[in-house]
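Chains A and B are the protein sequences, given in the same order. Note that this note's numbering numbers the first sequence so that position 279 is 295, with each residue one more than the last. Note that this note's numbering numbers the second sequence so that position 179 is 195, with each residue one more than the last.
It is worth saying that the hints were derived from the structure and are not from the lab. Possibly wrong hints are sitting among the right ones.
To list a few chain A residues with every Cβ distance to chain B over 12 Å, as calculated [stated by the list, open to error]:
hint : residue
1    : K214
2    : W308
3    : E318
Sample of chain A residues facing chain B (criterion: CB under 10 Å; computed from the structure) [as the list claims (entries may be wrong)]:
hint : residue
4    : T35
5    : T37
6    : G66
7    : S73
8    : P76
9    : Y276
10   : M289
The C-beta atom is built at its ideal place from N, Cα and C for all residues, glycine as well.
Below, each chain spelled out in residue letters.
2 protein chains.
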Amino acid sequence: MNKQLKLAKRPVGMPDAATWTLEENPIPTPAEGEVLIKQHYISLDPAMRGWMNDVKSYLPPIPIGDVMRAGTIGEVIESNNHPVFKVGDILSGWGGVQQYTATNAKNYYKVDPSLAPLPTYIGTLGMPGMTAYFGILEVGKIKEGETVLVSGAAGAVGSVVGQIAKIKGCKVVGIAGGAEKCQYLIDELGFDAAIDYKNEHVRKSIKAACPEGVDVYFDNVGGEILDAALANIRMHARIVICGAISQYNNKTAIQGPSNYLSLLVNRATMQGMVVLDYGKSYGKAAQDMGQWMLAGKLKSKEDVYTGIENFHATFTRLFTGDKKGKLVLKVLED
Amino acid sequence: MNKQLKLAKRPVGMPDAATWTLEENPIPTPAEGEVLIKQHYISLDPAMRGWMNDVKSYLPPIPIGDVMRAGTIGEVIESNNHPVFKVGDILSGWGGVQQYTATNAKNYYKVDPSLAPLPTYIGTLGMPGMTAYFGILEVGKIKEGETVLVSGAAGAVGSVVGQIAKIKGCKVVGIAGGAEKCQYLIDELGFDAAIDYKNEHVRKSIKAACPEGVDVYFDNVGGEILDAALANIRMHARIVICGAISQYNNKTAIQGPSNYLSLLVNRATMQGMVVLDYGKSYGKAAQDMGQWMLAGKLKSKEDVYTGIENFHATFTRLFTGDKKGKLVLKVLED
Chain A
17 MNKQLKLAKR PVGMPDAATW TLEENPIPTP AEGEVLIKQH YISLDPAMRG WMNDVKSYLP
77 PIPIGDVMRA GTIGEVIESN NHPVFKVGDI LSGWGGVQQY TATNAKNYYK VDPSLAPLPT
137 YIGTLGMPGM TAYFGILEVG KIKEGETVLV SGAAGAVGSV VGQIAKIKGC KVVGIAGGAE
197 KCQYLIDELG FDAAIDYKNE HVRKSIKAAC PEGVDVYFDN VGGEILDAAL ANIRMHARIV
257 ICGAISQYNN KTAIQGPSNY LSLLVNRATM QGMVVLDYGK SYGKAAQDMG QWMLAGKLKS
317 KEDVYTGIEN FHATFTRLFT GDKKGKLVLK VLED
Chain B
17 MNKQLKLAKR PVGMPDAATW TLEENPIPTP AEGEVLIKQH YISLDPAMRG WMNDVKSYLP
77 PIPIGDVMRA GTIGEVIESN NHPVFKVGDI LSGWGGVQQY TATNAKNYYK VDPSLAPLPT
137 YIGTLGMPGM TAYFGILEVG KIKEGETVLV SGAAGAVGSV VGQIAKIKGC KVVGIAGGAE
197 KCQYLIDELG FDAAIDYKNE HVRKSIKAAC PEGVDVYFDN VGGEILDAAL ANIRMHARIV
257 ICGAISQYNN KTAIQGPSNY LSLLVNRATM QGMVVLDYGK SYGKAAQDMG QWMLAGKLKS
317 KEDVYTGIEN FHATFTRLFT GDKKGKLVLK VLED
């Protein structure tokens, strides 16, 4: 049987367990030209919260009753004359929160399981890593010697942003929740400084860590931290708007950045980005990041939980921050 | 005697008359290398409100007790061996709210009074016009066929923004207060549509006027109108942050744009600008705009009040919107 998690209702605020229903259905049969994928891991990402809302966005809302959208990695166990993929191939794609997916595998790509653990392919070598890569290089346009500030710095995207900025010769300051994560940023990932937003005055700490101001701020969180960063930007700064996890479960309006006129004073730019736009260049990015990983310059950390039944509890960790690195759920035993 | 308006205190909220004191002092004597300028007109601009606050910005705060900072245009009536300027020259510069200015005239430039009326040199051919020119062309990067939305559209900057966008082949929609101003935008300035923010639902009216979305939004006002614009931007839109007149007299925090995540969804850019950065190119801009004016493609409208004693009442019109075009105060009789 195939356990599938389906969206039961549109949540208001923080989603509760009743937001989804777990169904058991027969394992699907691939149609002509399709493959059947046995999914090993699903990716848990803050963006999933946005896809649940009935608003116009960069992807259509997940319809009520559909399998919850998620990035996945799994193995082809059957092919009904698929033109490209064969039994045994490991594919990354949008398989959703379920154990088996029958698909024409458009937008899926094959990965080599001998080069990296499977969870890494939905983390640093997957969407979060790509988001970091294109966000900091193409949108942030970092240059050697600049000061880079990143929020959500211990997370799947932020940790890669900071490490790439270090590789490119920047000074890097990360914002994360709790002393342990902050220590991790400095000791393990080589950040120059870390700010514990749960226990520090963020605006003052940014000023102390970046006395000449911030050249590039990579924002994953929005809210007060975005305002604190805006208060500390330098002339011609670039702010990359990647996400706003502090606002995703709001029941009231999103908190806009009260300090946005700092953009005027500092002739600065705030730009939004969505990783899906960079599909054509994923190959180059994966090559760069793979080499950095082999050279020990880029570390990848995944926090793997087990059991599709535990989806809600695991998803909640995205917003409480109770996780270490990229959050992944294993939905099938080996 | 020289009537001078000096900053007496830092206002909280909307400045009252006691914010300034009017003094009469002897007409100053130019030092060696200086000129004495008899000021004809001073420029009233929303940015003046910001210069009165004791905060770090793109110009230092006006010190308490100093002459109120303002752009001016006037005639050289005495030269104490000034290396460049002569008696009779008409100079535009930062003369402040006073009738006579003794200065080395650094950052002043000479204008030709036979080509345009003097008030135009502190309007369309002065800072507001330059702001519009560089803001819409260099920051907004408008292209033929795009849809341009501008707020404060009947004002000194907005009216020029819209007209330049029309000259460049864009569809132009203006936002202004009241039916009369809106009619003026369409009938006199050739805008394609106008939205009366005092009597219309701005978000819905933008959607109706720009059904395919806004490519470039030039913002002079901030607040709810900025949010309404953000709700209607198109993919890869550019938002030029030039000012936020709706927020300048706030007693509480500035209202940040609650819809800023529209930047992410639409891969859009919000960029601040200050006209002072473009000094090297003012000549080229003045040439372009002068030619457009001669060709009847760019209209300039000034609303001239008289008497330095009426500064406060005239200044207030900036924020009530009770004015028609660029606000100018004549501080000396001819």
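Looking at the structure, which of the earlier hints fail to hold?
4, 5 and 8
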